[in-house]
Every structure is written in C-alpha cells, then in structure tokens.
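S.K.: What follows is the residue order along each chain.
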Amino acid sequence: MTPPQAEPAVELRGITKRFPGTLANDSVDLTVSAGEIHALMGENGAGKSTLMSVLYGMERPDAGTIRVDGREVSFAGPAGAMAAGLGMVHQNFKLFDSLTVAENVVYAAEPRRFGLVDRAAARRRVRELAEEHGLAVDPDARVGDLPVGLRQRVEILKLLHRGARTLILDEPTAVLTPAEADALFAVLKSLAAQGRTVILVTHKLREVLEGSDRVTVLRDGRVVARLVTAETTADEIAAAMTGRAVELDRVHAPGTPGDVVLDLTGLATDGVRDLELAVRAGEIVGIAGVAGNGQSELVEALAGLRPVTAGRVALRGRDITHASATERRAHGLAYVPEDRHAVGTAPAASVADNLAMGHHRTSLSSRGLLSPAAVRAHARRLVERFGIKAATEEVPASALSGGNLQKLLIGRELAHEAPLLLVEQPTRGVDIGAVQNIHDQLIAYRDAGHAVLLVSAELSEIRGLADRVLVMYEGRITATYQKDEADERSLGLAMAGGGTAPVEAVD
Amino acid sequence: MFLDSDLLMSALRALTPILLAALGGALCERAGVFNIGLEGMMLLGCFTSVATSWFTGSPWLGVLAAALAAAAYSLILAVGAVTLRGDAVVLGIAMNLLAVGLTSFLLRTVFGVQGTFDDPTLAGLPLVGGFTPLAYLAWAAVAVAALLLSRHVWGLRLRGVGEAPDAAATLGVSPAKYKYGAVLVSGVLCGLAGAQLALGNVTLFSENMTAGRGWIAVVAVMLGRAAPLGVLLAALLFGLAEAAGFRLQGVGLPQQATDAAPYVVTLAALFLSTARRRRRRTPTSGVAA
Numbered sequence: 102m103t104p105p106q107a108e109p110a111v112e113l114r115g116i117t118k119r120f121p122g123t124l125a126n127d128s129v130d131l132t133v134s135a136g137e138i139h140a141l142m143g144e145n146g147a148g149k150s151t152l153m154s155v156l157y158g159m160e161r162p163d164a165g166t167i168r169v170d171g172r173e174v175s176f177a178g179p180a181g182a183m184a185a186g187l188g189m190v191h192q193n194f195k196l197f198d199s200l201t202v203a204e205n206v207v208y209a210a211e212p213r214r215f216g217l218v219d220r221a222a223a224r225r226r227v228r229e230l231a232e233e234h235g236l237a238v239d240p241d242a243r244v245g246d247l248p249v250g251l252r253q254r255v256e257i258l259k260l261l262h263r264g265a266r267t268l269i270l271d272e273p274t275a276v277l278t279p280a281e282a283d284a285l286f287a288v289l290k291s292l293a294a295q296g297r298t299v300i301l302v303t304h305k306l307r308e309v310l311e312g313s314d315r316v317t318v319l320r321d322g323r324v325v326a327r328l329v330t331a332e333t334t335a336d337e338i339a340a341a342m343t344g345r346a347v348e349l350d351r352v353h354a355p356g357t358p359g360d361v362v363l364d365l366t367g368l369a370t371d372g373v374r375d376l377e378l379a380v381r382a383g384e385i386v387g388i389a390g391v392a393g394n395g396q397s398e399l400v401e402a403l404a405g406l407r408p409v410t411a412g413r414v415a416l417r418g419r420d421i422t423h424a425s426a427t428e429r430r431a432h433g434l435a436y437v438p439e440d441r442h443a444v445g446t447a448p449a450a451s452v453a454d455n456l457a458m459g460h461h462r463t464s465l466s467s468r469g470l471l472s473p474a475a476v477r478a479h480a481r482r483l484v485e486r487f488g489i490k491a492a493t494e495e496v497p498a499s500a501l502s503g504g505n506l507q508k509l510l511i512g513r514e515l516a517h518e519a520p521l522l523l524v525e526q527p528t529r530g531v532d533i534g535a536v537q538n539i540h541d542q543l544i545a546y547r548d549a550g551h552a553v554l555l556v557s558a559e560l561s562e563i564r565g566l567a568d569r570v571l572v573m574y575e576g577r578i579t580a581t582y583q584k585d586e587a588d589e590r591s592l593g594l595a596m597a598g599g600g601t602a603p604v605e606a607v608d
Numbered sequence: 002m003f004l005d006s007d008l009l010m011s012a013l014r015a016l017t018p019i020l021l022a023a024l025g026g027a028l029c030e031r032a033g034v035f036n037i038g039l040e041g042m043m044l045l046g047c048f049t050s051v052a053t054s055w056f057t058g059s060p061w062l063g064v065l066a067a068a069l070a071a072a073a074y075s076l077i078l079a080v081g082a083v084t085l086r087g088d089a090v091v092l093g094i095a096m097n098l099l100a101v102g103l104t105s106f107l108l109r110t111v112f113g114v115q116g117t118f119d120d121p122t123l124a125g126l127p128l129v130g131g132f133t134p135l136a137y138l139a140w141a142a143v144a145v146a147a148l149l150l151s152r153h154v155w156g157l158r159l160r161g162v163g164e165a166p167d168a169a170a171t172l173g174v175s176p177a178k179y180k181y182g183a184v185l186v187s188g189v190l191c192g193l194a195g196a197q198l199a200l201g202n203v204t205l206f207s208e209n210m211t212a213g214r215g216w217i218a219v220v221a222v223m224l225g226r227a228a229p230l231g232v233l234l235a236a237l238l239f240g241l242a243e244a245a246g247f248r249l250q251g252v253g254l255p256q257q258a259t260d261a262a263p264y265v266v267t268l269a270a271l272f273l274s275t276a277r278r279r280r281r282r283t284p285t286s287g288v289a290a
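Protein chains in written order, with the numbering used here: chain Z, 102 to 608; chain G, 2 to 290.
If you're looking for bench data, these hints aren't it; they were derived computationally from the structure. Mixed in with the good hints there might be a few duds.
[Stated by the list, open to error] Derived coverage of chain Z by chain G (criterion: at least 3 residues anywhere in the stretch with Cβ under 8 Å from a Cβ of chain G; other residues may be distant):
#, stretch
1, 216–222
2, 308–319
[Unchecked claim] Computed footprint of chain Z on chain G; a stretch qualifies when at least three of its residues, placed anywhere within it, have a C-beta under 8 Å from a C-beta of chain Z:
#, stretch
3, 160–167
4, 204–215
[As the list claims (entries may be wrong)] For lysine to aspartate or glutamate, the following EDC-like pairs were computed, each having C-alpha atoms within a straight-line distance of at most 20 Å:
#, chain 1, residue 1, chain 2, residue 2
5, Z, K305, Z, E112
6, Z, K290, Z, E518
7, Z, K195, G, D167
8, Z, K195, G, D88
9, G, K178, G, D167
10, Z, K195, Z, D241
Beta carbons are placed, not taken as given, at the ideal position from N, Cα and C, and that holds for glycine.
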C-alpha cells in the first residue's frame, strides 16, 4: 500500500538458474530498497551464492531480469556489475597480500600521473575514504601483515573507491571476533544511513536480527519468506531456512568428569607456549579464540602433526610428547581436523574408503589385506548411524555437501570410540539442521565417558557444548570459565586480548 | 691485481646474455608463470641471428629476427600454460629439448655443417666503447623493468595478476592478457640474449652453444627474487664467475675445471639462498616471542 518512493536499488525478477542435475534458483524475486541492509539467508545449497553470482555478472541466468536503480541490466562479468555501482566482498577475500593497502584499494582504478601510479594520490584517497566511513587502516601497510578484520576493511574501501552504491557482503563475519563484527555492523549502518545499500549473505541469525532491516530467506532455490527484521524472531527465520522448527542455541547439561585423560604441562610448539591443560573423561573442554592465536598449532601438536618444542603431553597416563600420529591413535586418540577437505578426507576417494581410513588398521583388514566386504559393511553402518546423505557409498567424497562431509568425518572419528577426541571447528559452514545433529553426537560421545577437546571460533557452540571454556590469545590460555560463567561478552573480550587475564607472565 | 678492470669488463660482457634472459624470466615470475624455457628460447635466438645475419649481411636484421623467432617460440609456453593450463615446468623442459634438436637440425639443413658454423665474413655486432649496443640495451632494460614493475599501472596489475589472478579478475583485469604479455616479452628478451651471445660475445653458431646460460638465468631470477635490480646483481655474480674462470686458465688450471666456475657458483648461490630463506621462515605466526 505504500506509494513507490525511489526505485529499488536492486530488483531481481523470476531469476532461474539451472546447473546439471540441480535447479539452483527457481524463479527467485528479490527486491532491495535503496538505503537498507537486506539479509539474504538460507542453508548451504539454498541458492544464495548462485543468486549473488547472477546479480554480480559471474553467472548468466537462464531466465529472469535484473534491474539496478530501475534500469534493466545484463552483465557480462563483474566489471559490468561494478560499473553499474555494485560491489561484492567475497567470503574468501580477493586481496593481494604482498601489495600495500593503497595499492589494493586502487588496483585497476589507479590515479595516474604520466602513466605511473600516483602513489601520493592513492594514499590520500585511502585516507579520505577511511576517515569518511570510519574504516581506519594504514594505507602503507602490507595487506598480508594485517589481521583479518582490517583486511575486510580494505575490501570495503576497494568497493567505495570504485563508487559502489550497493555492497554485497558474503558471510562477512565468518572470520571476525565479536568485537570486529560489531565494528563492521557500525560501518554498514553508517553506509546505509548515507543512502548506500547493503546486501548481507549470511546464515548467522544473531547478526541478521541486530544488523538488518529486512530478510529474504531462500530454501531449495526458492524464496520461502520475506520478513521485516523488527517484526520477526530467530526461531521464525530458522524455521523458514530449515523447513521445520529448530531449537537454537541449546545449552546442554554439563557432564560428569572422571579421570584425567589428557594432561598437558608447560607445552610449547610453534605459536604456543606455557600451556597447562587437563581434559577428563566425560568432559568437553572448549577452547575459544580468534583464528591464528595458536589453537590450530596446539591441536596439530596434540595430533602428532607438529613437533612439541617443550613440555609434556600425557594421554591416559602415558607420555606421548614425541609419539608419532600412529602411536597416538593406537593409544586412544581420534581427531577431527579443521580443514575437512584437505586434511580430514580424501576428496577423490569414495565415501566407503574415506570412512575406512584409520579403521583399516584395526577392524577392516587381516594379514595386511583389506576386506572389501568389511569396508562396505562398515560404511553402511556409519552412513546409517550418522545420517550421512550420499547417493551410494561408492560416490567420491567430493560429491557430498559440506554438512554431509563433516558428518562423515565426525562419524568416522567417533566410531573409533577413542578415549580422547580432538575436534576442531566441527560446524564451520555447516547447515543449522546438521549443526544440531553434530552437537547431539558430541554430547552423546561425552556422556559415554569420553574426553573431548573442542576448538571452535563459534561462541554459541562453545557455550552450548563445553563444560569448561578456555580462551587462547597469542599462544597462551588467558582465561578459564566454568560452564555457567561463560557469557558472550566476557568471552569476546578475552578473545580480543582484553578483560581479566588470570596469568600474565612478564617477559 | 686479480680483480682489475679487465676482469670487470669481461664479466660485464659475460653477464649480458644472462641478464637479458633473466629479466624476461623475472617478468614471467611476477606474472605467475614459471618460465624455465629461457635456455631454449635463447638458443633459438642464437641460431636465428646467425642465419639471418649470414643471409642478409646485416647483424641488425639478425637481432630483429632472433627477437621475433624467440617471441614466436615463447607462444608454446603462453598457449600451453595460460590458455590450456598445462604444466609450465614440463612445457619449459620440452621447449629446451626441442630447441637443441631444432637448431642442430637446421644447422645441418641450412648450412650443411655439423657442430659449428663459423665464417670470417659472418657479420657480428659492432662494439661501442667495448660493448655491443645490446649490452647497453640490457642495462637500460633493467631500469625500465624496475620502473615499470614498481611504479607503472601495468606493473602494479602484473604483480597483482601473478599473486592472485582471481582477485585481479574480479576487478576486471584479465590475468591471461598479462601473462601472455610477460611470456612474449621474455621471448623477445631471450631472442636478444641469443643474438648477443652468437653475434656479440662470439661470432658463430655451435650446437647447444647457450651451454646452460638460460638455466643460470632461471637461477638468477630466483636469487634476485624476480626484482630487476636483484636479477642484475645475480647476473653480475655469474658474469664474474665466468670471467674469473677464464682468467684462471691462464694460471694453468685445466679448462674443464675453470669452465665449471659459473655452475659451481650457481649451485652455491642456490644452496645459500634457500638455506637463508628457510631459516627466516621457521619462527612462525604472530606470537610475541
């Protein structure tokens, strides 16, 4: 009923995009008004990325029209979209690490003098934009040296330098600390207040509720809900995304800790030092921290993939400080690595073979020969038990969606029934539905009397699962919380290096 | 007395072909194409320059023909590695092997000789102040390449393409275009390097006369971190080694030993530079020490 004010900044009508075997977008309509922050939500494979690729000229739609600022457009590539005032910050930043901030910002749109890059003008331009939009960053810093939050600023500055009026951000907070995410939203809101338009592609409910004006939800390539943020709830959005009611942010009941399973004393490795830590049977210990503060190195050292330079690691009372990965596994360690594609699975191998890995030493072979029948039976058991969706056990692991691949990996490791499970980022990039399943599995594993060391950048996950929460900052544990003490604010503060650091060594 | 101006002059003469080829290699490296076909392109340049100079009587036409022929030859790498996404190392090795066979074959069919073609009437490049004009061109090319890479719009885009082609593409810069450009320019420079070798350093063509100079240029690219000035310093090191080796023959060392000097220096330089780099890499991540 509202009279049409200005033209919508972006208007997609009837966008259909087919890929062999899938209908990625099925007649999708999306209207984004000028000056709003519009969240585009949906699970993996719902068609968000395809829709944005179509809008940004990276994919051609099979049907449908695109209007930008009221004019119908058809882009041959991102350059055309940029010329029309669109700009996209990709989930994996598209930056040149060895170049400076200023060079990154002006790349391919350089201020020039006599054909040479006018570096003074480039620096000036970055400073002006940074000041105007509250995106402070040193124009002469090398991008590779910057923390991830600043790198994102460079991406946004890049778009603003090109005069983008509509900014598309793909999962912008996946790699940010809570504080950095808050800062990002402050910037986005001020951009919107200036009349720029922001399209936020995300599956994080919290930030959508706090930061957006309207929400469009996709499921299976179709729009299933158009909501005004102020009038909706997290449960309503989650239900639209998954097609069923989902219980969000459950905090599981604490476990009952038993004997110490893993005991670290004075552990040091690359990027980690003076680490004291014990994990008991029937307990999940969560390590929170911003990526790059030593968590990955710690877990790799525990898994036997990285040498320990000082200190001692004991597993069930036995010293495994310098044991090989094989010896550790034999003594009762299972490991779900962070990078499920490159480390956790072999993408070209079949689902059955991937599920057999590790088990090939114990249950699936005799006299050094694998039994194909046992491998198949083992695979069928795990596929059934963990609800892995795969056409057959023979398809390559690369054919599975991210969530299903993660279920495969976690299922395989849980099946070892090892006394200690190391698990890193178990639900990164995994759908809400699968997250619930994975969390339930981890809790059941703990309740069966196993010890779990969980590393996650997702605060709600840590708070929901862990019996104790440790915060790692610059290679050390700087804060410890019991389950009920760990609120989001103090955790976020500790992750950023602030707050109450219980042990602060002087060096 | 050993390190006198004569030695320096002969080092500077020896370094010219290596420098030209290495500049081309550095451009490719910066554009993200690992070019180890320098040797083959250079050898083709040697033959083309000698043949053209012989038949036209003009060494300048020889230089031009060498540049064009090597540039055309470099298309094997450009098409293979950039358009068809083949492995640049395999392509480079194939180019080097093919060039040896091709030039030996042409030597026989065109000149009817085996081993070496040598004739007093073959016109070489004139010397100006003790150096061929190509030597001056090579030094100028260092300055031009340094300026282009660090300050020019093309240089910025080329470096970006080499580091993150996807990122460049999203900003509307075609990585393929810049990679083709770098490979073709490296072809031209290697052609000039070949002409310098066959019409400047000596005036003849003999089979496989580049004798590893293209490979030394590849090492110079690594040693100089693909920066024009770094490449110049690395080439100077090899030039000095070659000149010193020649000088040592006068002292009575066997020729086979002194000829090995540049290659020994190459190996030593490679060992030292990788060892240094590895040591720098070990202390990891942003943890305060």
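S.K.: The structure should be examined with respect to each hint, and the outcome stated for every one.
M.R.: For each hint, the structure was consulted:
1. Look at the stretch 216–222 of chain Z against chain G: 4 of its residues bring a Cβ nearer than 8 Å to a Cβ of that chain, three or more, so the hint holds.
2. With 0 residues having a Cβ less than 8 Å from any Cβ of chain G, the stretch 308–319 of chain Z misses the three-residue criterion, and the hint is violated.
3. Note: the stretch 160–167 of chain G has 5 residues with beta-carbon separation from chain Z under 8 Å; the three-residue rule is met and the coverage holds.
4. Coverage of the stretch 204–215 of chain G by chain Z is violated. Counting CB-CB distances below 8 Å, 0 residues qualify, and the rule asks for three or more.
5. Taking the CA atoms of K305(Z) and E112(Z), the gap is about 24 Å. The hint is violated against a cut of 20 Å.
6. Taking the CA atoms of K290(Z) and E518(Z), the gap is about 48 Å. The hint is violated against a cut of 20 Å.
7. The hinted pair formed by K195(Z) and D167(G) meets the criterion: a straight-line CA distance of about 7 Å does not exceed 20 Å.
8. Between the alpha carbons of K195(Z) and D88(G) the distance comes to roughly 24 Å, so the proposed pair goes past 20 Å and is violated.
9. Using a Cα cut-off of 20 Å, the hinted pair K178(G) and D167(G) holds, with the two alpha carbons roughly 13 Å apart.
10. Taken as a hint, the K195(Z) and D241(Z) pair is honoured in the structure, with Cα atoms around 18 Å apart against an allowance of 20 Å.
Of the numbered hints given earlier, the model fails hints 2, 4, 5, 6 and 8; all others are met.
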